[in-house]
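Asker: Could you use the hints to bring the two separately framed chains together as a complex?
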Amino acid sequence: DAGVTQSPTHLIKTRGQQVTLRCSPKSGHDTVSWYQQALGQGPQFIFQYYEEEERQRGNFPDRFSGHQFPNYSSELNVNALLLGDSALYLCASSLALAGGSAHEQYFGPGTRLTVT
Amino acid sequence: KQEVTQIPAALSVPEGENLVLNCSFTDSAIYNLQWFRQDPGKGLTSLLLIQSSQREQTSGRLNASLDKSSGRSTLYIAASQPGDSATYLCAVSNRGSTLGRLYFGRGTQLTVWP
Chain A
1 DAGVTQSPTH LIKTRGQQVT LRCSPKSGHD TVSWYQQALG QGPQFIFQYY EEEERQRGNF
61 PDRFSGHQFP NYSSELNVNA LLLGDSALYL CASSLALAGG SAHEQYFGPG TRLTVT
Chain B
117 KQEVTQIPAA LSVPEGENLV LNCSFTDSAI YNLQWFRQDP GKGLTSLLLI QSSQREQTSG
177 RLNASLDKSS GRSTLYIAAS QPGDSATYLC AVSNRGSTLG RLYFGRGTQL TVWP
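Sequences listed follow chains A and B, in order. At position 5 of the first sequence the residue is numbered 5 (the working numbering), and the sequence of numbers has no breaks. Take any residue in the second sequence, count from 1 to its spot, add 116: that is its number in the working numbering.
These are computed hints drawn from the structure, not numbers from a lab. Source: prediction; values computed, not measured. Think of the CB as a built atom: it goes at the ideal place given N, C-alpha and C, for glycine as much as any other residue. Each hint should be verified, as a subset may be incorrect.
Stated by the list, open to error - Just some of the chain A residues that point at chain B, by a computed CB distance under 7 angstroms:
no.	residue
1	GLY84
2	GLU104
3	GLN105
4	PRO109
Just chain B, with the same shape it has in the complex (with noise of 0.2 angstroms):
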């Protein structure tokens, strides 16, 4: 069975600085992975999906890389601003019979202060 753990849980930074969200998986047999936002109370955002034949995708500020063997996924803000402030959770969907369903993390909630 497919666990996604994410770390840190929560992160309090101010304005500015470059973050780093973690997240792992325990299953590397994946199909892809994607970072979400959620801001309170809502739906999900996705943000980037990477396929597991690649390395890394970029959107913006956004960096997501992927390293499968290990079982890991980063997710790097650049110069961060108030408005990133939601929680980010990341998902994956492992190939085999269970592909297109997702497995998800809790999240790491940010807040981001001017």
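For reference, chain A alone in the conformation it holds in the complex (with noise of 0.2 angstroms):
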């Protein structure tokens, strides 16, 4: 049973490009989150998509959005890439159902963003 992947593994962009990272969520579950953690930090949250939608974001701008495909993979895209986007952005994946396992959530390996 395959996990949660991710790719590409690492990214090296310049400030001001555009960027897309994708996401494979483990077999079986339905919603996907995109968090990034910068170094030495805890992950922040991006968003969550569940049913093809956006059902929560945190507090990114706009230039960070996103797709869920019908087959639950997702891509997260950042425009206009600056310095400060640089960090591991990770995908999440967790089954939205009442009941015990309920949103426990399953990480990818990250890709690492590098913007110079």
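Answerer: This is the structure:
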């Protein structure tokens, strides 16, 4: 059973460029969330997708956008990159059902984005 | 707004010691609490999940307790080993409109030396 996968592993971009990160959830999961983790910090919630719609959003500007596909995979897009966007981007998947294991989050290995 | 604090920020101990990592949160209306492990530059590995109705969970040498009313959780690591060296993160999910969103602490960086 494949866990959460993310691509690419590492990415180097120039300030002002755009980037797309990809995530495939754990088999059977229907909800995908994205987090940004700066060095030495805990992950910060960007947004969550369920049923192909953005359901929740953290305190991130509109330069951050996303998409969820019918197979539950997801993309995170960041436009007009800033130096401060350099971070580890983590994708988490979960199952949005009532019950004991509902909303237990499983994380992927992350994408390390460096903006120069 | 939920705020999560972890103490200590860093811990360095010799192999074999029993450890206690602390996590506190400001809003007691939580749905669940998760403890994660993160190796340098890597993703998060879920260690334990405690539902709001539970008081503790155990997995091998790990035991996590939850006192929702006081806004505290403790991760206990028995007989620590060098392989336990990593950053340990505590995260809570609130009930209500933000259900499913995790609020993280900054982590406790653990070093276990032989």
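Asker: Give a verdict on every hint.
Answerer: Status of the hints after comparison with the structure:
At its closest, the beta carbon of A/GLY84 sits 18 angstroms from a beta carbon of chain B; the interface hint therefore is violated under the 7 angstroms criterion. Here the hint on A/GLU104 is kept, as its CB sits about 5 angstroms from the closest CB of chain B, short of 7 angstroms. Nearest Cβ of chain B to the Cβ of A/GLN105: about 6 angstroms, under the 7 angstroms cut. The hint holds. Contact between A/PRO109 and chain B, as hinted, is supported at the beta carbon level, the nearest pair being about 4 angstroms apart and thus within 7 angstroms.
Against the hints set out earlier in the document, a violation occurs for number 1 only.
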